[in-house]
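S.K.: Each protein sequence line maps, in turn, to chains A and B.
Sequential numbering of the first sequence, starting at 1, is according to our numbering.
Sequential numbering of the second sequence, starting at 1, is according to our numbering.
Rather than coming from a laboratory, the hints here were simulated on the basis of the structure.
Check each hint, because a few of them may be wrong.
You can't tell identical chains apart in this list, so a pair holds if it fits in one copy or across any two.
[Stated by the list, open to error] The calculated DSS-like cross-link candidates involving lysine-lysine, where the alpha carbons are at most 25 Å apart (straight line), are: (1) LYS154 - LYS65; (2) LYS19 - LYS298; (3) LYS172 - LYS296; (4) LYS338 - LYS88; (5) LYS24 - LYS210; (6) LYS146 - LYS24; (7) LYS80 - LYS270; (8) LYS87 - LYS298; (9) LYS338 - LYS87.
Protein chains: 2
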Amino acid sequence: MEFIINHETFNQAISEVSKAVSSKTPFPILTGIKIIADTNQLTVIGSNSDIIIEKIIPLEYDGVKVLEVLNRGSVVISAKYLSEIAKKLPNDIHIKGNEKQIITIQSDDIVTTLHGFNSEEYPMLPKMVETPSTRMAIHDLIELIKQTVFATSKNETRPVLTGVHMSFQENKLTCAATNSHRLALSEITIESNVNGSVIIPSSALHELLKLMNPNQGEIEIYISTSYIVFKSSSMTLFSRLIEGNYPNVVGLIPHESETAITMNTKQLLKGIDRACLFASDWKNNNVMLEMKDASKLKISSNSTEIGRIEEYQPILSSVGCNELSISLDGNFLMDALKVIKEEEVKISFGGSMRPVLIEPVNNSSQLQLISPVRTY
Amino acid sequence: MEFIINHETFNQAISEVSKAVSSKTPFPILTGIKIIADTNQLTVIGSNSDIIIEKIIPLEYDGVKVLEVLNRGSVVISAKYLSEIAKKLPNDIHIKGNEKQIITIQSDDIVTTLHGFNSEEYPMLPKMVETPSTRMAIHDLIELIKQTVFATSKNETRPVLTGVHMSFQENKLTCAATNSHRLALSEITIESNVNGSVIIPSSALHELLKLMNPNQGEIEIYISTSYIVFKSSSMTLFSRLIEGNYPNVVGLIPHESETAITMNTKQLLKGIDRACLFASDWKNNNVMLEMKDASKLKISSNSTEIGRIEEYQPILSSVGCNELSISLDGNFLMDALKVIKEEEVKISFGGSMRPVLIEPVNNSSQLQLISPVRTY
């Protein structure tokens, strides 16, 4: 195997796939990156027990030559050293592997020799033929994931909650995530012939977010019983699925409220952020929201030893009862407000012990639910 | 005590002095920042057992009003919460303290109340009257510190080596730092009437580097038996001194060499950086330098299990023996080359077991010494 490649292109690809590679794997070969040189492209693969990332490098990018393959073949090289050296080479990189798995990497007159692995031993990737698939705009997928993934549970006691639940119905994709104290739900209409639902590890989705380029048009999603595949023109990410039954979160969404108010999203976020001043001293970082009339919302928190902080923010409009007092986890509130793009947000309260519903104004495709904190 | 201050000015000052404040101190009051409001200025003080940082905020900066003092007085406020809140306030900050040490911090209609400490309990700062002092350009002091502080020892077994040795002779300031494997020495001519030498903790000098603004003209240095003070127009840093006798490092500098070569500084640095590829697998990160003739220097390193890297760089000029083979700690070499601004560097070798002397070409005020690594 032998090829010459533009060093920036190579460095970029290696650093992206090496994100998937863990040095902690029991299989030495999985600490490596697999490089496959074909006549018309280079394929670079990195993986761990949860995900596989595959990047395709064509011979040229919009007319500019970046790759020349002199001999087809494949090698597996330590991800750690390959990414280190790729960063530091000044010019086009000439890589050559022999049958003894000795790989020479040359750039100008800098010569590196690394012992590779036998690429035959690298596990096969799942086949995607016959797997039902659907297409959507990359930009939309990015939004859906960002609006939900933060709400997954960090706690492994209920594995299904550590993932995002993606359910494909006829022409609709719904994403849900919850840690049982808060829920994020977001949906979008897509043209899909896939039906069914899967639970995807949040770690895989965080990697996917880093890899997807919103300007790269569409992404194809393949679903099988044991894995899901996201395939764009430049990369493919395979992720394992989390097994188990996801709770029926839609049933949790309240349909009536005692009080509903609209607030300025950014301003409210800043206010909550300030009220979290004493967060570090609270096991659950309480923020009090109070309303005495329809004009102002009081945001406050206090810590007997240290002090208190409070501020008032104008209520843009309100419906229902004008008196309210509830205490919520400030970080959950901030997470929820951060993913709302709309300028105004609607907050519906069902009473001091009922979950609070947060929705962007004029956008019914996204909602968040946060359970109050008991303060006695 | 009561004053109104521009929030950016205040935030800046608080974040600078809070760098000195440690939450680990046994004295609760030292977890706080002392604020002294005078009719014509605000003084902000943060400290720990090693250093004290004092910032002065005038009523205006080049004609722009930033401070209005309504009532003179002083308070001590928790550094942690004060810096948090100062960051997050949107507008001018109105701070008021009462005799019960209750401090209210208001910006727009955001009101924070914090319990302060009794400012009478805050330790007095050392007096600088009668202390001998000298002046120098801030820019020069920054250079001197950068050229030496990195070479201090991280190991507490010989406390004197954890500091930088500053020796003031008539009209000359010399800084030295060593960890007994490498030495950095740098000197400058200054107009000073101070004589004597001190050892300053590297931590204090790192803080000083962050605080000094090279465009702020001159800095005054006061030296007493137990502390040193750096005073510029906008800030004062007090540092404790390290007691003990500093080794006579000047005696270590070799005066003749077997081989002396000049190389391009930046190119050599990059080459050493690449050769450190296998650094993580070496207890002392060896890099081999080899010369077979006067034209090229071979830079290489290798790890039997992983592989090897080598490159050749042109030697710009050489004096003495043309054969050479020595192995050095790559990180020490990089540290040394990083602080050399000059385009070309002169490297003098006294044999494979003798320390290597590194100096910028045409600049005798700065030198570095690195002991070779035994590779058998």
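S.K.: If any of the earlier hints don't hold here, list their numbers in rising order.
M.R.: As far as the earlier hints go, 1, 2, 3 and 6 are violated by this structure, in ascending order.
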